[in-house]
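J.: Taken in sequence, the protein lines are chains A and B.
Under numbering that gives the first Met the number 0, residue 167 is the last one in the first sequence; the count climbs by one each step, no gaps.
Under numbering that gives the first Met the number 0, residue 748 is the last one in the second sequence; the count climbs by one each step, no gaps.
Worth flagging that the hints you see were computed from the coordinates, not collected in a lab.
Among the hints, erroneous ones may be present.
One side only, chain A facing chain B, incomplete, derived with CB under 10 Å [stated by the list, open to error]:
| # | residue |
| --- | --- |
| 1 | Thr13 |
| 2 | Gln27 |
| 3 | Glu82 |
| 4 | Gln94 |
| 5 | Gln95 |
| 6 | Ala133 |
| 7 | Val149 |
Derived SDA-like pairs (lysine to any residue); straight-line CA-CA distance at most 20 Å [unchecked claim]:
| # | chain 1 | residue 1 | chain 2 | residue 2 |
| --- | --- | --- | --- | --- |
| 8 | B | Lys535 | B | Thr615 |
| 9 | A | Lys7 | B | Gly67 |
| 10 | A | Lys7 | B | Glu117 |
| 11 | B | Lys27 | A | Lys7 |
| 12 | B | Lys97 | B | Pro78 |
| 13 | B | Lys675 | A | Asp48 |
| 14 | B | Lys27 | A | Thr79 |
| 15 | B | Lys27 | A | Gly38 |
| 16 | B | Lys27 | A | Asp35 |
| 17 | B | Lys27 | A | Ala85 |
| 18 | B | Lys27 | A | Leu98 |
| 19 | B | Lys27 | A | Ile36 |
| 20 | B | Lys502 | A | Asp35 |
| 21 | B | Lys675 | A | Ala133 |
| 22 | B | Lys27 | A | Arg88 |
| 23 | A | Lys7 | B | Gln118 |
| 24 | B | Lys675 | A | Gly49 |
| 25 | A | Lys7 | B | Thr114 |
| 26 | B | Lys385 | B | Glu191 |
| 27 | A | Lys7 | B | Pro113 |
| 28 | A | Lys7 | B | Thr112 |
| 29 | B | Lys27 | A | Asn15 |
| 30 | B | Lys617 | A | Ala133 |
| 31 | B | Lys27 | A | Glu24 |
| 32 | B | Lys243 | B | Asn510 |
| 33 | B | Lys27 | A | Leu90 |
| 34 | B | Lys27 | A | Gln95 |
| 35 | A | Lys123 | B | Pro113 |
| 36 | B | Lys27 | A | Leu37 |
| 37 | B | Lys97 | B | Ala663 |
Just a sample of chain A residues kept apart from chain B, beta carbon distances all over 10 Å, derived [claimed, not checked]:
| # | residue |
| --- | --- |
| 38 | Phe21 |
| 39 | Leu58 |
| 40 | Val63 |
Ideal Cβ positions, reconstructed from N, Cα and C, are used throughout, including at glycine.
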Amino acid sequence: MTQSKITKQLVSTTINGEPVEFLCEPQQSLLECLRDILGLTGTKEGCNDGNCGACSVLLDGQLVNSCLVLGVEIEGRAVTTVEGLADWRGLHPIQQAFLETGGFQCGFCTPGILIATKALLDRKPNPSEAEIRAWLSGNLCRCTGYDKIVRAVQAAACHLNTECEVDA
Amino acid sequence: MTTPEQKPFTVVGERLPRYDGADKVTGKAIFGPDVALPGMCYGFILRSPHAHARIRSIDTSRAETLPGVYAVVTAADLPPAESTDHRYARDNTFASDKVLYVGHAVAAVAARTPTIAEQAARLIEVEYEVLPAVTNVLEAMRDDAPILHAEMRTHSLAGRGDRPSNIASHFQQLKGDPAQGFAEADVIVEREFHTSTVHQGYIESHASVAAWSDDGTFTIYTTTQGSFAVRDHVVWLLGLPMSKVRVIPTEVGGAFGGKNTSYLDVPAALLARKARRPVKITMPRPDVFLATGPSSGAVFRVKMGATRDGRITAAQAELFYAAGAYPGSPVGSGANVMFGPYVIPNGQIDGYDVVTNGPRVSSYRAPGATQANFAAETVIDELAEKLGLDPIEFRIRNHAREGDARLDGGTHGSIGGIETLEAARACAHYNAPLGDPRPGMRRGRGVAHGYWGNWGARSSCTLSVNGDGTLNLVTSSVDLSGTRTTLAMQAAEVLELPPERIKPSVGDTDNTGYADVSAGSRTTYATGIAAIQAAKDVIAQMKARAAALWDVPVESVVYARGVFASGADLRCTFAELAEQVTGAGGSVSSIANVDVPEWGAGFSTQIADVEVDPETGKVTLLRYTVVQDVGKAVHPTMVEGQMQGGATQGIGWALYEGYVYNEAGHMLNANFLDYKIPTALDVPPIETVIVEVPYPRHPFGVRGVGEPPIVPPPAAIANAIYRAVGVRPDHLPMTPAHLLEKMGVIGNR
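Given only the sequences and the hints, what does the whole structure look like? Please build it.
T.: Okay, structure coming up:
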């Protein structure tokens with residue numbers, strides 16, 4: 000076996016609203032680029048084969064598993080990770096809702112679930128419980144049994160829509 | 000309900016925001032795979048492709064010469080084994096003479112990039128002599144089975160066996176006269192059950208980053224339930240003084256017992272020393288299934304008898320647990336809890352710990368209990384049915400109380416099992432109609448009751464008072480799901496201060512006192528006792544400072560609601576006193592080390608409503624309720640989360656999860672697509688009923704919470720399925736194929 004000559008590729012993209020350039024190997028996934036090259040470790044690897052959703056990010060507003068996207072594929076596109084949710088005003092209402100209602104336990108699947116929730120609520124501001132469960136069925140959580148996550152999504156929808164009161 | 004300390008609570012019982020919450024919802028929390036050190040390189044582990052093979056030779060020369068490779072290690076880099084247990088641990092780190100399961104580590108490489116490390120590992124030439132493999136526990140017990148360990152003899156009541164066997168041990172629990180007990184029974188049920196190997200399924204894979212210094216010390220960042228357990232494992236295998244290894248635990252992305260054991264830390268340390276630079280190893284998901292410590296697949300033969308008036312007269316069981324490659328299955332704890340909730344006048348349990356060609360099993364949430372409960376509680380349900388008794392009523396009639404003897408020889412302490420069953424009988428779910436099934440479907444409701452002993456053991460907690468009256472709480476107990484918060488709450492309760500004044504954190508092995516692993520549902524309980532002790536000591540020390548400041552006898556100083564006072568005139572707040580301690584005895588801090596010898600058992604009763612499609616065998620959960628005695632819920636939101644999460648894992652065992660092996664001993668479903676764990680769509684909202692029967696040995700009445708809820712789900716669902724379709728499932732997972740087979744829709748596979 001001969002050693003392959005490593006040729007890195009330049010990628011110009013937008014991550015969390017900021018222009019970013021980086022070099023990556025052509026076979027590296029977006030997940031690897033985010034975590035190992037750009038130091039954005041908020042996005043998690045759970046399975047590296049598209050089955051757990053821990054690596055969920057938004058690619059041009061679309062929910063994707065970043066382990067199934069190549070780093071070179073984001074050339075000229077826009078990526079949102081968990082690090083891009085909060086801004087100078089503070090936590091995003093979705094983050095606030097998960098924090099207040101206790102919608103997490105170990106917190107490892109949480110970044111992916113927050114991103115998936117954002118994708119859901121961007122499309123559907125008032126999802127039913129069944130819709131929330133169906134939408135989140137690509138995000139595995141081993142700790143919570145999902146109930147508190149569903150309540151957190153409902154609370155987040157409420158926060159985003161009006162100043163309504165939610166029972167945690 | 001009163002608690003051992005009669006004061007009303009001000010902090011305990013509140014649903015506070017978690018101290019670690021902000022970092023967990025912003026992606027800032029540093030988990031094991033997130034750690035990076037300057038100059039770090041990457042490790043990769045080469046694993047066995049065979050379930051059972053002799054290693055004839057390992058040639059690492061081609062890997063070593065690949066550009067970018069810094070180190071290659073094998074078992075030859077480990078000090079020689081000193082005992083049988085040491086050899087098992089050493090061989091499970093790197094195989095020496097034989098590989099015993101697919102995924103068994105053989106060698107490791109450190110290289111400049113992960114890609115080079117993996118390429119180099121593929122250049123290592125291992126010559127194997129492939130041997131027949133055995134993954135099924137009953138087959139492994141046969142005389143003609145392939146033998147995993149030539150030197151292994153069965154330890155049993157009769158002593159040490161005289162020929163090689165895969166049966167590592169056989170034990171027996173005996174009480175009364177089982178034959179007489181069965182003779183007195185009006186009804187006897189006898190059944191056999193099979194369960195599959197299951198994995199903890201934490202979403203965060205294992206990861207370890209090890210650094211070596213030329214002074215001979217190691218620093219290891221790792222995702223673990225016990226920093227000291229990792230340290231002790233590393234020094235044991237590398238032959239080092241304990242002080243030379245510093246283990247810094249990261250945030251932990253799910254563990255459930257599976258991170259009590261160290262897998263990557265010794266390889267990372269060996270590579271770091273040889274490469275002379277920090278090495279990071281992360282475990283790919285397939286390897287997590289193949290090469291970490293799942294829970295035993297098991298077989299049970301159960302027989303129980305009862306009289307017409309609903310009294311159990313005898314119980315008998317044989318338990319066969321697959322330990323994987325080395326002895327140490329949880330068959331003992333399975334036996335201890337199997338009939339544990341009930342008064343069994345005559346009983347016998349025989350347990351067998353059997354090695355098989357699979358990964359060495361490890362702890363998984365109430366180790367061994369869920370399997371055994373499935374068998375016992377299905378038989379209990381059948382007895383109740385045959386006697387025409389409500390299943391909860393039958394359990395209450397036979398339930399143990401404080402002081403009753405168990406089959407394992409122990410005696411029940413303060414327990415709330417009957418209160419839990421009574422709460423289940425009274426809850427909304429149990430009294431609601433089942434509802435009409437959809438056309439062609441059948442519905443049923445099942446109940447099961449689970450018992451788990453919990454744990455106490457060693458913990459340490461340090462509490463330091465800052466000059467502004469805030470406090471830092473540091474513990475060596477790794478926080479798996481919110482214990483920083485529950486420990487700070489208990490300290491705040493004692494200190495009578497707002498909990499936001501306390502900043503809790505988890506320390507490392509260099510800077511905190513010893514703690515056993517965060518396991519056995521013990522952290523809020525046992526480390527909580529340490530936090531309470533430290534808080535009481537802080538108050539005592541602060542009183543002494545006040546006495547010195549005011550020049551009054553220390554006995555005259557009283558403390559209440561954050562204020563120190565002496566006589567009519569002398570008063571100052573906790574914060575004011577903290578500011579003035581210099582010159583009055585100096586800063587205040589306290590370290591409490593506890594070794595908690597007793598703990599309160601937990602009981603969980605669960606109710607499942609199912610709808611079964613008799614044509615496809617698909618089971619849909621319609622409604623699910625967890626009722627549990629938690630002693631005192633320090634943080635009810637987190638307690639509910641434990642109950643819901645534990646039950647959902649048990650639902651996974653019940654309906655979906657299990658290792659599938661082929662004839663050659665290869666696991667066929669080592670990924671999250673084919674090893675399916677429950678998704679948000681698979682479970683209904685899990686309802687919770689918190690029962691609080693205070694445990695008297697904890698100042699606030701706390702019992703362990705995390706483990707009991709995983710115990711009864713398979714039995715509750717099996718009993719519901721029986722009510723729906725009239726057949727009793729006896730295999731886990733209860734797949735559509737298994738149900739169709741039981742219903743006679745399809746033939747035996």
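J.: Against each hint, give a clear statement of whether it holds in the structure.
T.: Taking the hints in turn, this is what the structure says about them:
| no. | hint | result |
| --- | --- | --- |
| 1 | Thr13 | violated (18 Å) |
| 2 | Gln27 | holds (9 Å) |
| 3 | Glu82 | holds (5 Å) |
| 4 | Gln94 | holds (4 Å) |
| 5 | Gln95 | holds (8 Å) |
| 6 | Ala133 | holds (6 Å) |
| 7 | Val149 | holds (7 Å) |
| 8 | Lys535(B) / Thr615(B) | violated (61 Å) |
| 9 | Lys7(A) / Gly67(B) | holds (16 Å) |
| 10 | Lys7(A) / Glu117(B) | holds (18 Å) |
| 11 | Lys27(B) / Lys7(A) | violated (29 Å) |
| 12 | Lys97(B) / Pro78(B) | holds (17 Å) |
| 13 | Lys675(B) / Asp48(A) | holds (14 Å) |
| 14 | Lys27(B) / Thr79(A) | holds (15 Å) |
| 15 | Lys27(B) / Gly38(A) | holds (11 Å) |
| 16 | Lys27(B) / Asp35(A) | holds (15 Å) |
| 17 | Lys27(B) / Ala85(A) | holds (12 Å) |
| 18 | Lys27(B) / Leu98(A) | holds (14 Å) |
| 19 | Lys27(B) / Ile36(A) | holds (17 Å) |
| 20 | Lys502(B) / Asp35(A) | violated (31 Å) |
| 21 | Lys675(B) / Ala133(A) | holds (16 Å) |
| 22 | Lys27(B) / Arg88(A) | holds (17 Å) |
| 23 | Lys7(A) / Gln118(B) | holds (18 Å) |
| 24 | Lys675(B) / Gly49(A) | holds (13 Å) |
| 25 | Lys7(A) / Thr114(B) | holds (13 Å) |
| 26 | Lys385(B) / Glu191(B) | holds (18 Å) |
| 27 | Lys7(A) / Pro113(B) | holds (15 Å) |
| 28 | Lys7(A) / Thr112(B) | holds (13 Å) |
| 29 | Lys27(B) / Asn15(A) | holds (15 Å) |
| 30 | Lys617(B) / Ala133(A) | holds (18 Å) |
| 31 | Lys27(B) / Glu24(A) | violated (26 Å) |
| 32 | Lys243(B) / Asn510(B) | holds (13 Å) |
| 33 | Lys27(B) / Leu90(A) | holds (13 Å) |
| 34 | Lys27(B) / Gln95(A) | holds (15 Å) |
| 35 | Lys123(A) / Pro113(B) | violated (40 Å) |
| 36 | Lys27(B) / Leu37(A) | holds (14 Å) |
| 37 | Lys97(B) / Ala663(B) | holds (16 Å) |
| 38 | Phe21 | holds (15 Å) |
| 39 | Leu58 | holds (17 Å) |
| 40 | Val63 | holds (17 Å) |
Hint violations for this structure: numbers 1, 8, 11, 20, 31, 35, all remaining hints satisfied.
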